[in-house]
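Chains A and B are the protein sequences, given in the same order. Each residue of the first sequence is one higher than the one before, counting from 1 in the working numbering. Each residue of the second sequence is one higher than the one before, counting from 1001 in the working numbering.
It is worth saying that the hints were derived from the structure and are not from the lab. Where a beta carbon is used, it is the ideal one built from N, C-alpha and C, also for glycine. Treat the hints with caution; some may be incorrect.
Said to hold, decoys possible - Here are a few chain B residues that sit away from chain A, every Cβ distance over 10 Å (derived from the structure): (1) Asn1071; (2) Arg1103; (3) Ala1105; (4) Pro1170; (5) Gly1172.
As the list claims (entries may be wrong) - Between beta-carbon pairs, the in silico distance windows are: (6) Asp102/A <-> Gln1193/B: 32 to 38 Å; (7) Phe1216/B <-> Val396/A: 37 to 43 Å; (8) Thr626/A <-> Thr1012/B: 38 to 44 Å; (9) Asp1030/B <-> Arg172/A: 26 to 32 Å.
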Amino acid sequence: MTEFLLDDLRIVGSRVDGGVPDGDPATAWDRRKTSYRLVSPLNRRKFTVIVVGCGLAGAGCAAALGELGYDVECFTYHDSPRRAHSIAAQGGINSPRAKKVDNDSILRFVKDTVEGGDFRSREADCFRLGEESLRVIDHMNAIGAPFAREYGGQLATRSFGGVQVSRTYYTRGQTGQQLEIAATQALWRQIAKGSVRLHTRHEMLDLIVKDGVTRGIVARDMVTGQIQPYTAHAVVLATGGYANVFGKSTNAMNSNATAAFRAHRRGAYFASPCFIQFHPTTLPISSPWQSKRMLMSESLRNDARIWVPKTKGDDRPPNDIPEDERDYFLERRYPAFGNLVPRDVASRANALEIKDGHGVGPLHNGVYLDLRDAIARLGVDVINERYGNLLEMYHVNTGEDPRQVPMRIGPGAHFSMGGLWTDFDSMSNVAGLFVGGEASWAYHGANRLGANSLLSACVDGWFTLPVTVPNYLESLLGTEPLTVDDPAVTATVNHVRAGVAHLLDRGGTHPADYFHRQLGDVLYDECGVNRRADELTDAIDRIQKLRKEFDDDLRVTGTGAHLNQELEKAGRVSDFIDLAELMCIDALDRDESCGGHFRVEHQTPDGEAQRDDAHFCFASVWERPTEPGPYIRHHEPLTFTAVPLETRNYKTR
Amino acid sequence: MKITLKIWRQPTTETPGKFETHEVTDAKPDMKLLELLDHLNDTLVTQGKEPIAFESDCREGICGTCGITVNGRPHGPVPNTTTCGQHLRDFKDGATVRLEPFRSAAYPVVRDLIVDRSALDRVIEAGGFVSVDAGTAPDADTVQIPLHVAEAALDFAACIGCGACVAACPNGSGSLFTGAKLGHLSLLPHGRQERERRAQSMGVQADEEFGHCTLFGECAQVCPAEIPITAVAALNHERLRAWARRYRGPDNAKRSKRKNASHGGE
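Turn these sequences into a full structure, and let the hints guide you.
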């Protein structure tokens, strides 16, 4: 039955070429860069490039292109570029600079990243990530990020999950903030110089494509409501990830998929949308009004023990549950790693306990993260020294002191490894549309390693896009961007205006948030940490019904001619609903387990993810049909030469 | 618990605003203030009314997007905490709570509780950066920075740009914000070559956008990033230092550039 349904939902397409040069993946980036065409300094100002998004990838790309002399238009829906969600990253940024004698190297970095992603990323991409990371640290340090230092004044590093060396650079627990502020300062420098024009409070609502070539975007001024086209020689999307499709995630309230998904509607392929990372230690939902999943750092698992009551539905206060009635399930199942198993493994184990009825808290949707034994062993002062600010954050947010009562945590949607498909030049299948950072699918495969997300955004923004975009622009020398009265431009603008008007006149009864919450419930229930074919088909059915309900019963108050947050939300939720359907189709289509995508039908006898390399060693590349009908699933085969295919094993390593 | 909200409504910058009263009877003590507004907005939209416009994003206190005046105090009753970190348990059951936008001449109201804080960005644009192009930086390990210096820079760099300091100040001064950036960048070796120019041009821009500082210190009491009041001293110190080093401002940029060149920078 599943097979039958799947065939109704998607058609198998053809092979897509990622454009990686043949031969050694370690030198692929160098060879590719050398082959790129250049634009001479005097010609650069003749090219206009639109960059959408001001996070680490967007701000970096806009600033770097401005430094080179291109004419850049930069868009953000925030009031200031510094607000982009890159700012919320805590842990750090990886770089195999190999200054220490712990025997790190670029190859080891690639091995960790490829294995961490469970062999579903492009090997050559990972080499680029490692290689360019060296300059990223130098650059971010020089433009104002005060990295942590040793007493001798050298850069300090720490260790992160899935890695046996120390290569994570950091600034306290606010690495993302310091990198983002440094990057946006560099952007302001270009704005002051006049090479970048910044459009704040502008939301991209469509991509202008003519004859298969990207020619600009349509954006709405969120204050005046004016909808306008902006044309250019190329467009860069650096609009972040889509974990907010789950309604409540660790993402910021406004993080959304609209820019990327509307590009997808215009023909850009979407790669592996079902690859979502669930972070094992986020605050569970304790109440219907809770607005998001707050993240608790992975580092807590160094000293806190995760457990659930052995008896299902045991509602006694945790401190009243005696030792022999507690199940320290991670230590039981993974004696070698205990509480420090990788993110996807921990999330999966937590979710299984909750699903089996052992969940704790008022809604039985969490597990305990308990510092009791560590406090007894080390004393409360040592624990405060190590985790004081985190414990305070938990205390403030829950009203419970984790030094007295165990914390309650659960898996929450956190990062999207999937995204718009790009080739080795970071360009999508639509010519002139480039994608960087979390909005693209590159680097992370089916599971991202900690501290690799800030890195991939910085590498794309500062060191990849500024060389790949000019290679494309060179062929356009002597051409002008489309004029605003070009039929392709006016048609797109009219399409956007009609879409906005349509959202405004549904005349239903429920606000957009109402539908977003339901969408999140469907996904957490049936396309979450554990996935099963029958549940996924049910999810698709529920999402299609929700789509209809949304179309019939949405209510947007106010008009489109002023600042209208309900209108903004409605457009985003509409895209999330369609994206959620695609995610579930992708999860159903990928009939294997890998990384964060765990199909319960495919597990080893001891419950680990079982890949099917014979049938699924590829990135799924989805094309949206122009007429109503099934999606087309193309594939980009993935080959591994430097890091040979093997089964991930964190038990004995 | 029951909360009566007196909320500032203002459709656009040009139209006059007024307070509007809403009662929420099913509030819970562990709700956050912004979740109460989410909840109220849900009800308003379902009734066909326009929701209250307010801004927030990360809801973890780091992005600086949120910021409203609660009972006359920027961000809310709990000191040094963003609006998104304020909980109803810090209000009395039955309380009347007044919610207004950040109040400052430098922050025009955009709509309801949303203000335009671009004045802060214009101060950064004036010189709050390091002029190093991508790819041209020296190896970060070749320039040592003592731990205590990096930490001191980080104390200033922690600013989240929420702008509560300006709203809290009776003079509407942006000295804490401007000083934090000058303090941060002056402590680091990179960008020292443009230290005088930066101090001068950011100082002049801050003078244009904001009021003067008379050291009330209310900025530091509301600052969610706990920027030390010494940031104000950093601003004055940096400006005085630029003056003493004969840096004569953007108008004299050419002359100074020549002078600096002859001195081989700093």
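Hints broken by the structure, by number, lowest first?
Hint 7 is the one this structure does not satisfy, whereas the remaining hints hold.
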